[in-house]
Each structure stands twice: as C-alpha cells, then as structure tokens.
Amino acid sequence: MGRAPGPEYGLLIEYNRVPRRNEMDLGHSTIERMMNMNKWLIPLASTLAAVLISIFTYNSLPAEIAVHFDSADNPDNWVSKPVGAFLSPAFILVLSWIVMFSIRFEKDESKRARAEATLPTIVGTLSLMLLAVHGSIIAFNLGYDIRSSAVASFIVGGVFIVLGNLLPRLPQGRYQWPKLPDHKQRQFARFQGKLMFFSGFIFIALAFLPGTYSFPVFLAVLFCFVAVTIVKAVTAVRHS
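Its first residue numbered 1, the sequence shown is counted upward by one per residue in the working numbering.
Check each hint, because a few of them may be wrong.
[Stated by the list, open to error] Only pairs whose alpha carbons sit at most 20 Å apart, straight line, appear in this in silico SDA-like list of lysine to any residue:
no.: 1; residue 1: K232; residue 2: N165
no.: 2; residue 1: K232; residue 2: F191
no.: 3; residue 1: K184; residue 2: S110
no.: 4; residue 1: K232; residue 2: G158
no.: 5; residue 1: K39; residue 2: R104
no.: 6; residue 1: K39; residue 2: A115
no.: 7; residue 1: K81; residue 2: W97
If you are wondering where the hints come from, they were derived from the structure by calculation, not from laboratory data.
Turn these sequences into a full structure, and let the hints guide you.
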C-alpha cells in the first residue's frame, strides 16, 4: 500500500492555490495596458476620422478656409487650406494627451484612481466634440448651409450633459474652488451635476431658435448657469 499523504502534501496544495507574484504583476500590467488602450480608443478613432474627412474633401475645399464666425453666423476669420484641413485632427491628440497627463499631478492615489476611471468618457467626449467642430467647418467651406450657432449649441449641450453625469464621481482637486469637507463637496457636486445636465438640454434646444435669437439667449443661459453655481458655492462655503 502507498504511503498516505502527509502534512507537506496539504502545504503543497495551498502553495499552488496562491497566485505567484509574477502572475499577479503580469495580470496587473495586462489590465493597465487594456485601460490605456481604452483611454486612447475614441481619441485615435476621432483623429483618424477627421484626417479622412480632410483627405477626401481636400481638393474641393477653397484656398482659404473659414474657421471662425460672428454672432450672426458670418465667417470672420480664415486660415490656409492645409492648416484648416489638418490642424483640428492634430489638436484632438494634443488635447487628449494634456488631459491624461494632467492627472499625474494629483498626489492622492484614491483621487487619482477615481479621476482615471472617468478619463475614457472625458477624453472621448472632448474628441467627439472636436470632430464635430471639424466636420461642421469642412461642411461649411464645401458650401453646405451650416449655422455655427446651432452647431455650438448642440456641442455645448452634449458636453454639459456628459459632464453633468460625471461631476458627482470626480474627486475634489487640489486647486478646485470651493474647498469643502467631503460630505459638503459631494452635495455640491450632485447639485452642480444636475444643473449642468438640465442646462445641457436647454443649450440643445437653443439650436432650433432663429440665428438672431440663438446667440443672445445662449449667453443668457450661460450667465445664469455661472451665477447659480457661484451663489451655491458661496452658500456652501458659509455653511461648511
């Protein structure tokens, strides 16, 4: 008859059940690489889309491209065709990198982890916003009837809706004002998030107003948003 397994057999089984340090490090690095790829997915896709738009329409674009418009939706600033066609795609990557790099200045690991969890949404939203701006500029210069005020209202409204959902989950930054205790900060963030969310729908609705009314009402809504935010912040500081 064979010898019965001794205590060392049980220790061997338990040892085999424990993940090796190298395996844990490998799994952690794999997850980290996947997260980094996820952060860059939409910025890279937006950049590629913007470049393809410019390449396919380049020969049809005028020598001078209108890139800025006044309150009456009339162009008031132009750049050369190469700059107008390819500056925006480069700016998508640069802005995305700046946003991702800025989080490294946060020394609190828990706050940095919370901020990094929202990075794909933030840089994705910014990238899509810049892609929409680029597409509308190209379309206008191709002769399509594009109202810059309507495009701006849609884009700002969309950004407000996305950031309004994200704001309660973002950590309190070192340079953020007002500086509040954690429970007060959460209350203020929830209020500001709701305010941004509903303001976003108002901005989108402004896109359907005639051009002569859209810009003044846009400024009025933006002023009200800033004023309400400041009043709420001052009140929160006084009661903290």
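Comparing the hints with the structure gives:
1. K232 <-> N165: holds (18 Å)
2. K232 <-> F191: This hinted pair holds, its Cα atoms lying about 9 Å apart.
3. K184 <-> S110: holds (18 Å)
4. K232 <-> G158: violated (23 Å)
5. K39 <-> R104: holds (15 Å)
6. K39 <-> A115: holds (12 Å)
7. K81 <-> W97: With a Cα-Cα distance of about 25 Å, the restraint between K81 and W97 is violated, given a limit of 20 Å.
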